[in-house]
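Engineer: Protein chains in written order, with our numbering: chain A, 1381 to 1492; chain B, 1399 to 1508.
It is possible that some hints are incorrect.
To be verified - Mimicking DMTMM-like on lysine to aspartate or glutamate, the simulated pairs with C-alpha atoms at most 20 Å apart in a straight line are:
| no. | chain 1 | residue 1 | chain 2 | residue 2 |
| --- | --- | --- | --- | --- |
| 1 | B | Lys-1420 | B | Asp-1447 |
| 2 | B | Lys-1435 | A | Glu-1410 |
| 3 | B | Lys-1440 | A | Glu-1381 |
To be verified - Some chain A residues close to chain B (C-beta under 7 Å, calculated; not the full set):
| no. | residue |
| --- | --- |
| 4 | Tyr-1390 |
| 5 | Pro-1419 |
| 6 | Leu-1423 |
| 7 | Met-1430 |
| 8 | Gly-1443 |
| 9 | Tyr-1444 |
| 10 | Tyr-1479 |
| 11 | Glu-1480 |
In case anyone wonders, no lab produced these hints; they're calculated from the structure.
Just so it is clear, CB atoms sit at the ideal spot from N, CA and C, and this is done for glycine as well.
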Amino acid sequence: EAQVTQNPRYLITVTGKKLTVTCSQNMNHEYMSWYRQDPGLGLRQIYYSMNVEVTDKGDVPEGYKVSRKEKRNFPLILESPSPNQTSLYFCASSSQGAYEQYFGPGTRLTVT
Amino acid sequence: GENVEQHPSTLSVQEGDSAVIKCTYSDSASNYFPWYKQELGKRPQLIIDIRSNVGEKKDQRIAVTLNKTAKHFSLHITETQPEDSAVYFCAAGNAGKSTFGDGTTLTVKP
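Chain A on its own, in the form it takes in the complex (with noise of 0.2 Å):
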């Protein structure tokens, strides 16, 4: 089954523990993006991925690190989390021709 898969789903962590999200699809997709949302705010890109070791950054990329060593995966890294990145985070794929994404189903994401 084509997917994009997320882990974990819920997370609770305390300000400067470092954690990371992982993602990761099956789909051979060239691009990968994170997103999170907040209500009204929809949402924001914070960082992208065209292919294996190159990387770019969205709307909001601070506070965030990420890597792509593997087509499959891409990883976002959260160094000194802090109470203003608690958001549901969206890892997504897309191919190089056709532009869709396809969403994971979202990390909850609480900081305090």
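With chain A held as given, fit chain B onto it using these hints.
Structural biologist: Chain B in isolation, oriented as in the chain A frame:
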């Protein structure tokens, strides 16, 4: 960077009526304009999209129109049904980069 504005933020219609949601964008380099539907507690899913070289696209009850000169595009849903109730997002961008509108909550009253 790109800026996408979406209106209205909420829309309520009677079942069977039409619904129209409008978006404007700022970056003339954007060439891909998708619309996503997000039901409560679920992930966004693409319902229709259009490229900059096309003015209109239709898929059954859903259509999208694009005016590149004015930098705006619209979603049209005809013969609305209660299951169309959801949050709808427009987006603008190109390869990889994507900026979303803030969403429209559509309620279809039976």
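Engineer: Compare the structure with the hints numbered earlier in the document and write down the numbers of the violated ones, lowest to highest.
Structural biologist: 2, 4, 5, 8, 9
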